[in-house]
Amino acid sequence: MPERNLVQAVRDALDEEMARDERVCVLGEDVGLKGGVFKATEGLQQRYGVQRVLDTPLAESSIAAVAQGLSLEGFRPVAEMQFVDYSFPAFNQIVNEIAKVRYRSNGDFSCPLVIRAPTGGGVRGALYHSQSPEAFFCHVPGLKVVLPSTPVDAKGLLKAAIRDPDPVIFLEPKKLYRAERQEVAEGEAAVLPLGAAAVVREGVDVTAVTYGYMRTVTVQAAARLSQDGIEVEIIDLRTLRPWDVETCARSIHKTGRVAVIYEANRTGGFGAEVAAELAERCFASLDAPVSRIASPDVPAMPFSPSLEHAFMLNPDKVADGLRRVARY
Amino acid sequence: MPRDDAPLTREQVFDAYRTVLRARALDDRRFVLNRAGKLAFIISPRGHEVAQVAAITALEPGRDRFCLYYRNFAAALACGFTPEELMLSAFARAADPSSGGRQTPGNFGSRRRGVVIGSSTVGPQIPKAAGIGLALKWKGEGALCYVSFGEGATSQGDFHEGLNFAAIHHCPVIFFCENNHWAISVPQALQVAGPGVAERAAAYGIPGVRVRGDDFFGVYDAVRDAASRARAGEGPTLIEAEVLRLQSHSTDDDQRTYRDATELAAEAARDPIPRMRDALIERGWLTTESDDAMREQVSREVERATEAAEAAPDPDPGSLSRHVYADA
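Going down the list, the protein sequences come from chains A and B.
132 is the number that the working numbering gives to position 132 of the first sequence; each next residue is one higher, with no gaps.
Start counting at 1 in the second sequence, then tack on 1000, and there's your number in the working numbering.
The hints are simulated quantities; they were obtained by calculation from the structure and are not laboratory data.
The reader is advised that the hints may include incorrect statements.
[Claimed, not checked] Computed from the model, here is a short list of chain A residues facing chain B with C-beta under 10 Å: (1) 68; (2) 77; (3) 89; (4) 110; (5) 135; (6) 139; (7) 324.
Here a beta-carbon is modelled for each residue, glycine too, at the ideal position from N, C-alpha and C.
Using the sequences and the hints, build the whole thing.
Take a look at the structure:
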């Protein structure tokens, strides 16, 4: 199996799905000859032509709207938002139009499409290239939301998202694009189901539920805590809507303690929903309050390295938070 | 079905006139039912009927796509919705073909008729139509996408994004603006800079046409010409039909509170339906007797449609969560 980093895995998923199904097409800003600002669509236009890999005007609302139009006509568009921070002009199209097509037509119409976007910070991207707004999309019935953290997951889940009968928001942690290489399967063997979490580290003392770049940070924090005799069980949600409550609940029944770790600011973040659901489901199993470890409630991540560092969760901060839950 | 080079037949015009009369009679009945507390909310096409039906008569329901907006009651009839179906929608009954009673009446949708399900936000259908147009161009079957909106929608960014995209890609789209000079209470002078909407076409390098919306044959010719261009691969056209809003914005609005009484009276005297009737009588296609007979027939249709819709069952409360996703 070839070794791939996360962005190469995204590219491979697009390539394979375009080869498999001629209805699949890619559109967005700079996705053509340039191959995307992160190279996620590199080489695809050369291979599939300017129609199936379409450079759009710099206008996110119409990117989403055109994708919707293509989908309504039977194509399977994968639209790229250059940064998820730039998807907000398309918010009405995504939330009021795309997400509600099936419901408001009483099942007469559907709108299978994927909107891909790099998400998250830690890359000196500052306020408008670092945001983690997944909670906005997770709040919307009718959408599915995926946020992978490894090359294997990125490829398998993107292939599943493209084949899914409903619209999927596919968020890619840009800090992980070139962080890790894995052997990644090809073709049908690569596909992974949406909605299934992964237990990425087993432990008996505290459950850490996380996703995206925070998986990497939590794994590092868990290694430190292990030296202190605290064994953390780490669950990577991978899909945020629908999310895998059962895998989390099973773990909590074993550990009796849980923290939810997410990169977005704390208030109203998707981790808050996870925390609330797990508190309700697992109350009788809990030996400590359900805890959130999240970023501070400032508008976004600043540019200066000192301020960026102050904003970002890191293994120290996550280890401190998990230790408090373990020792409660 | 009209062909690009075929003249409008007397039978087609007769059908169109009947549709105009149906729209008016159904709308009048809806207002009575609203005042009687039986219908919650109605948006009237009063004053727009002739323009709407003329436009659709120049197109091919069943072959073309139609992205309608909430004032397109007469256009929906011209696309093939029956009086009973539109009354089912007004009563929000389970058998409402557009949404099964989920949306307010005026959000028309029917996949088999090519009427793309609408929503109640203003303007999102414009770039969506560009995307549908792109798909139709790719399919190469000569179909086009017709999208309509009021002049208020032309203030939205989606208007620009949709026209820009469709013009860049020569999409087979007809942008049809029904300019009634009022967006609820805001007059055109506070909505549209410059002489009007049609002139904006020049900025996109496409034809812009202004027509009198009470001139059935003028609107028909403008739309037929635009359709010929679209089907020939020559791209989109922007048509601005000047119409009168002879009714308030909706049943929750009273335009007498913000519009001049003399002006309202003058506009009421310019109702486009008598003008269409007179034009048909002048051509010798209609007599006062056949007009009376047609009105009598329409009145009976409205009666039957109302009775059937009122007696039809409401949606099952148990269906609330259906059609959120493909599997539910």
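Cross-check of the supplied hints:
no., hint, verdict
1, 68, "holds (5 Å)"
2, 77, "holds (8 Å)"
3, 89, "holds (7 Å)"
4, 110, "holds (7 Å)"
5, 135, "violated (19 Å)"
6, 139, "violated (14 Å)"
7, 324, "violated (38 Å)"
The structure shown violates the earlier hints numbered 5, 6, 7.
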